[in-house]
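A.B. asks: One letter stands for each residue in the lines below.
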Amino acid sequence: MIKINVDMNKCQHYGQCVFEAPNIFKLNEDDKLEYVATADDSELGNIEAAIDVCPMQAIFIVD
Amino acid sequence: MSEGVVVVGASMGGLRLAESLRRFGYTGPVRIFGNEGHPPYNRPPLSKDLLSAAEIDFAEVAFPQRSATADVEWNLSAEVVAADLTSQHITISGGKQVSFEHLIIATGLRSKRLGFESFPGDRHALRSFEDAKALRSKLGVGRKIVIIGSGFIACEVAATATKLGCEVHIVSPSKSPMDRALGEKLSAVVKLRLEAQGITFHMQATVIELIGSNRLEAVALSDGSTVRCDTLVEAIGSEANCEWLAGNDLDITDGLLCDGSLRAVRASGGSWPNVFGVGDVARFPNPIFDATPRRIEHWNIPTESAKFVGQQIAASYNSIEATVEVFRPLPSFWSDQFDMHIFGLGMSYLADASKLVHGDISGDCVFEFTREGVLVGVVGIGHRSVVQNYRSALER
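Chains F and Z, in that order, give the protein sequences. Letter by letter, the first sequence follows residues 967 to 1029 of the numbering used here. Letter by letter, the second sequence follows residues 33 to 428 of the numbering used here.
If you are wondering where the hints come from, they were derived from the structure by calculation, not from laboratory data. There could be a bad hint or two in this list.
As the list claims (entries may be wrong) - Think about it this way: if two alpha-carbon atoms lie no more than 20 Å apart in a straight line, the pair counts; the simulated DMTMM-like pairs of lysine to aspartate or glutamate are:
1) F:Lys976 x Z:Asp81
2) F:Lys998 x Z:Asp368
3) F:Lys976 x Z:Glu133
All values derive from a computational prediction rather than experimental measurement.
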């Protein structure tokens, strides 16, 4: 399993991650980011892509 | 095979290229050369959070490095001064030559500077971590800052400096700030919002003289006014680092001219099969919009172009077809200034018309941009999911 952490002090809710890893991230009705904190290993590529496109570099994989 | 892939440019594009090569199954050598002394780091915070931090810490902006690229060879503080594409080697400052099978050109941009040469210590540009450190030391309560230029970096520095207690003046030949990307209507209201925060604009003006005895005391402007200041920030745009490629069969008039697969175009016709441009040094056609090659100075381009090129190269080593043959990225940009979160997709600056489609122009709102009636971009203040929902319409 992969553990995901988003630094919500850095996150500005641009939602770029949503398009790379739609199973993990979404913008809710109030335009705020929501995410699931654990994911199957098969999501690794998508999560790394989401990390790469985050303008605030706020997404981290927790070891 | 032993010579493998050589990347010139050790910033975000070089890092993402190495990651992409490994992800798509290339296992050979990757050697990366860059003239900065730092490993790859994220530049956008340099004008925002990092610039307002009490202590500037490199760890705040360094990109985490992944285990898949642990065997990549990083050569930092190594300036590449020449390349010979025919005999397939580059030359490092000091004379050492390095051979390649594939060459990635990811040397990025440098800040343009004004011509004045006086008061070097009081004049700043903002591109590198070291630039940010130097400028940070000049910001604080009561400091007087003149910023030349009114693009995104100029306005972000203005916002940060204002929040730190500086008196901030923006001087620019444009009519209103960020008008290329925001369009006339939106930039006019953004200017009002920035003025309400305390920034003074001197638009349609240029600096004609720097005034001072031992240090900078004021600038004289083309509109006849004089503005007192102790620090000058030059945010007048960027130029591509590609002089080191001179003497090869290339077009480097404004960045490296590339074809639709990001291979470097031969000035004599055709393309180099093993030489690619990555990031904002590359000038390439984007079929989402038209056939005109352009450099795109947006943060998502190094990552997207590196992923594309890494896949092309890995596929060629593994004798398989790359799944995507043409690079067609959707540019995106964002900027945080005071309470404004500006977010855009596409290329609004190609538009001949814009219209308000969501919200209220005096607050959070979204504009559509069209060229000859065709959607080319969308820009919002706030309302990020409204902007994101345009993605498929723009990607067509």
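A.B. asks: So, for every hint listed, does it hold in this structure?
C.D. replies: Tested hints:
1. F:Lys976 x Z:Asp81: holds (9 Å)
2. F:Lys998 x Z:Asp368: holds (16 Å)
3. F:Lys976 x Z:Glu133: Violated, at roughly 40 Å.
Of the numbered hints listed earlier, the single one contradicted by the structure is hint 3.
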